[in-house]
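J.: For this one, chain A is given, so just place chain B on it according to the hints.
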Amino acid sequence: MAFAIETRQLSKHYGELPAVKSLQLMIPAGQFHGLLGPNGSGKTTTIHMLCTLTRPDTGTIRITGINALQHPVKVRQNIGLVFQESALDRSLSVEENLYFAGALYGLADDVIKQRVDELLQLFDLTDKRQTRVAALSGGMRRGLDIARGVLHQPKVLFLDEPTIGLDIINRRNIWRFIKGLRQRLGMTVLLTTHYLEEAQACDQVSFIREGELIGQGQPAALIADLGAYILEIETHTPEQHIEIIQPQLGPPIVDGDRLLFRISDETFAVSSLQKQLQASVQALHIRKPDLNDVYIWKNLAPGSMNL
Amino acid sequence: MIRRALKAIIYRELKRMFRQRGRLLSAMVRPLIWLFIIGSGFGAMLGQYGPAHYQQFLVPGLLCMVLLFGSMLASLSLVYDKESGVMRMLVIAPFPHYWIIITRTISATIAGLVQAGLLIIILFALGYLDLSINIGLFLLGLVVTAFLCASAGILLAVFSNTLENFAVFMNFVIFPVFFLSGALYPLQHLPPLLKWLTLINPFSYGVDLLKHAVLLDFHEAFSAEFSVFHDLLFIITFSIIALLIACMRFSQVRVIEKLAKVLSDSRRD
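Which chain is which? The protein sequence lines are A and B, in order. Going by my numbering, the first sequence opens with residue -5, and the numbers climb by one from there. Going by my numbering, the second sequence opens with residue 727, and the numbers climb by one from there.
It cannot be assumed that every hint is accurate.
Unchecked claim - If you want the footprint, here are the derived chain A segments under chain B, 3+ residues with CB under 8 Å: (1) 38 to 52; (2) 92 to 101; (3) 114 to 123.
Derived from the structure by calculation, the hints contain no laboratory data. Note that the structure is predicted; figures quoted are calculated from it, not measured. Note that CB positions come from ideal geometry on N, CA and C, so glycine has one too.
Looking at chain A on its own, in the form it has when it is part of the complex (with noise of 0.2 Å):
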């Protein structure tokens, strides 16, 4: 299989603090795949070598084959990069900024005005052509700067956390303008996201915490491996309840006053559990598994406090 990127054994120190620990990654041309872990666990730094903006202490990098570490200049050509913050000059128009960041990479004017039509259509923002970037919305200034990362039609993206900060409606649409990217141009994606529950879309996940890779797999499956349900219970005398559900659903993962408990046999009578809580519990919630929640047990163990 030809692997898009290749990792073994990467590795990087900023001072006494490890960031990343021998992490080994294998993901698939034409994946789409999300690097979650929490702020401050490694993912950008990451992405961050695997663009070649930083030297891991040990380790190799290959991304479409090629040695990251020899040859830079030849990976940035192959690839694109949206970072956190917005790669765009705020004082020139939103087809200004495609241009200039189209001439960096080379492309001639014609080729570059074909992709500005039909990226600025894919991304909403025919209309604006002519607006300054300081104008735009963070939604807008958000796909514009996905557009910026593609214009060259790199092999593999890196996007890091592209939803930051923006709304539910503005990340609903830049899901949608990633989806559309993708049917389009069908480049390998790597993508970082704390928010987890959003990388349900994508075809594989690699969970990292403090720069070590914790658990990999097709996001379905993890959760479907994790159980049928969860119960969320919100009580002021966990103890107490915990010692009721123990015994039938396993160590819950105890959060101050919540609970979360798996239930991974799909025809488990919850209404004799409710029996027997009565009405000593603040909440009694029962929903279906996400990734928030593979995260939640991967990372800690059942019985840990404070999530």
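T.: Chain B in isolation, oriented as in the chain A frame:
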């Protein structure tokens, strides 16, 4: 490919310059204030040569002043760009990072020259310049001096981290460099320490070069003080060394790494 990128970077620099009308206007007004106010005042004091003569003496220095402010500020603004979106585009672009420095220096050189060009038109219109100057040497002098100012600016920019240094640059670099250059008075009568400072100030040689081109039939006491060869040698050597150091610094792994961190962390943009 780098040529397209270079063209785009120059085009962007000029577009920004012409959009910032205030900046452009003050770049023109600043030397004219020196010419008319300082020029008349000191000229009157100089008696025997007369005010017109002193104003004429100021022309090469004021053209260099426009280059100093135009080119050096343009390349110094890399400090500001380190935290900007454009720098994100540039660090991820498919050319070695030292090209950011080189293209930036070239575009700053051109920005300064365009401003000097505007001032030259004004000076022509006002009668302070005419076609009796040595035009070849004049153009050469403008180009190498602009390049000198841009290279010096880029060298300072790669070694400084924050925008707060900007005022420091103004007061501790740009003004002293201008005052200690022979732009306002001949160097030969300065006390030894100041004289020594002017001799190690590469900008002095840019001013001197333009004096060669412009002050053709001036009294010996006011005309150029070094040979053309000497001027060119100093300017070009200094510029190339400054540019090389800046490029080398900007190619260092840890410098780019730190820059990448700033570009990802800052919440300013």
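J.: Hint by hint, say whether it matches the structure.
T.: Here's how the hints hold up against the structure:
1. Counting residues of the segment 38 to 52 of chain A whose C-beta lies closer than 8 Å to any C-beta of chain B gives 6; at least three are required, and the coverage claim holds.
2. A count of 8 residues in the segment 92 to 101 of chain A with a Cβ less than 8 Å from any Cβ of chain B is obtained; the coverage claim is therefore met, three being the minimum.
3. Chain B is given as covering the segment 114 to 123 of chain A, and this is violated because 0 residues of the stretch bring a CB closer than 8 Å to a CB of that chain, at least three being needed.
Checked against the numbered hints above, the structure breaks only hint 3 and satisfies the rest.
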